[in-house]
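On the provided structure of chain D, position chain C as indicated by the hints.
Residue numbers (this note's numbering), protein chains in the order written: chain D, 1 to 300; chain C, 1 to 300.
Mixed in with the good hints, there may be bad ones.
SDA-like, lysine to any residue: derived pairs with alpha carbons at most 20 Å apart [to be verified]: (1) D:Lys35 x C:Glu123; (2) C:Lys35 x D:Ala126; (3) C:Lys44 x D:Ser125; (4) D:Lys183 x C:Arg177; (5) C:Lys183 x D:Met179; (6) D:Lys183 x C:Lys183; (7) C:Lys183 x D:Asn188.
These are computed hints drawn from the structure, not numbers from a lab.
There are 2 protein chains.
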Amino acid sequence: MLIDRLIDKIKETDNPSVAGLDTCVDYLPDETREKCETLYDAAKYITDFNFALIDALKDVVPAVKVQVAYYEMYGVEGMRAFSDTLAYARQHGLFTIADVKRNDIGSTASAYSNAYLGETVLEGSAVTPFESDFITVNGYLGTDGVKPFVEDCKKNDRGIFVLVKTSNPSGGELQDRLMDNGKPLYENMAELVDGWGEALRGKYGYSSVGAVVGATHRAQAEAIRKAHPHLFFLIPGYGAQGGKADDLAVCFRDGIGGIVNSSRAILTAYRKPQYAGKAFDEAARLAAIAMREDINKCIK
Amino acid sequence: MLIDRLIDKIKETDNPSVAGLDTCVDYLPDETREKCETLYDAAKYITDFNFALIDALKDVVPAVKVQVAYYEMYGVEGMRAFSDTLAYARQHGLFTIADVKRNDIGSTASAYSNAYLGETVLEGSAVTPFESDFITVNGYLGTDGVKPFVEDCKKNDRGIFVLVKTSNPSGGELQDRLMDNGKPLYENMAELVDGWGEALRGKYGYSSVGAVVGATHRAQAEAIRKAHPHLFFLIPGYGAQGGKADDLAVCFRDGIGGIVNSSRAILTAYRKPQYAGKAFDEAARLAAIAMREDINKCIK
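With the rest of the complex left out, here is chain D (with noise of 0.2 Å):
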């Protein structure tokens, strides 16, 4: 089962984190990103410098989550920068989350599975073009919308991370408000959650079928982690978002429960003053390590 799996690599780096490949031009060192003048070079030098990322992280990180957006806003050539992102972390060894949001209804959402999760059929021959371990998606739709990905988790042994309660300041502005239930939103979508994943739970409890926790509303997650110790967490927010390793420890327990992202902090640590005259890969490197030991120190 891949929950099992990636939970066994989380413990044998010793690094519940991952690394958000949320490469942009902008976050690129100056002598690159000068020679962007077009999609076909913006995609080149990204594609560079995530090769050169992964390499150095490899064996610090269990895992890459890639973040599609910032692949989409250079184009087609942009998507093979992303398509060739998630090959090379595979290759290495990482596991793979490709974080897209997707949802649509039944029909369509087996058209996105098909892409990330599970197959694209051609006459002949059948394809997985952008291949991940898990992705995002969001639940806004119910269940019809959400089904063709869990039944691609559990036909290829894939996961998915359903949005239950987001990052972002407006986060709460739906998901906080209170349902018929005396439940917020939240809450009934992780209830949802919970559901979707109960076939697909593994050896330590918990199933590939995860939330997306926000590392920056404690109480939330806490409340979240208190009613469903099946669900494992991507937890996002932590660093530039404001979220702290103290914050987010009450989504683990025993050092496990969850897998914290942590994008910017990494790829632009070259120009911090603490990692000043090391080359971005390098301080890549040290920052990751940095946040492992930031996080372990309060999980443990």
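Structure of chain C alone, referenced to chain D:
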């Protein structure tokens, strides 16, 4: 204002419907479908099929809706077909709705918006890789996740349709549930959407920030129309999903108020007995005309 120009075009074509280009290889005629052995082949024949449909439909429908899931499933090559289809439709005077249902925290929503509505800044230039008039957006993350799209709507005269009440069978699972103010989630979402679009209302009173409201849920559509006279609707669910022209009449006043999507019934019209012997593009044209008549007789 974009929404005014769309309404003018709806009046000019006397057609409040949009052709959904949810093209996958299964919908292609046998002679091209059988040639789709690689993603490259699939993208090529899908593009050819779409171009022929646009040629056949350009004086019948005011707009096309391109569902990105059916292009993502063909990978990078599929995204090229998506991009080329959007560009070809725009070149031929059709309004374009990229049905992408994107959603994320503010900084990431900005990256998505660059791809479709804004622009991606490069060294010495800026481009909009998947330029579209409108995109669809999922509002689960609240105001700060939608604001970057709305800002680009203001800056570049674009539009969005935010998911309010979706057409799928499970659409009500969360969306119909009552919240703390005694109103269902979809109504709370509609109120937010109405507010986001306040500064983008045009001469007909409708905003370029509209709502996705399914044709399959008549009572809810009627309630949203009554409470939100400024929301223009993108209406999926007609035809293959079971929505009838009679049901969606509640979305319109004096013949305007929304645009109704049909995908499969147009794309695969050539397989229907009544269009036997017609080429796929000619059959699609006849099906689009039949849809126009069917809807007009109910909304006028």
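For the pair we were handed, Lys183 (chain D) and Arg177 (chain C), check the Cα-Cα distance against 20 Å.
holds, 11 Å
Within a Cα-Cα threshold of 20 Å, do Lys183 (chain C) and Asn188 (chain D) meet the stated pairing?
holds, 16 Å
Does Ala126 (chain D) sit within 20 Å of Lys35 (chain C), going by the straight-line distance between their CA atoms?
The hint holds at about 14 Å.
With the threshold set at 20 Å, check whether the alpha-carbon distance from Lys44 (chain C) to Ser125 (chain D) stays at or below it.
Satisfied, since the Cα-Cα distance of roughly 17 Å is no more than 20 Å.
Does Lys35 (chain D) pair with Glu123 (chain C) here, judged by a C-alpha cut-off of 20 Å?
holds, 7 Å
Distance restraint between Lys183 (chain C) and Met179 (chain D), which requires alpha-carbon spacing of 20 Å or less:
holds, 9 Å
Next pair to validate is Lys183 (chain D) with Lys183 (chain C); report whether the Cα-Cα distance is within 20 Å.
Holds, at about 15 Å.
Hint compliance for this structure: every hint is met.
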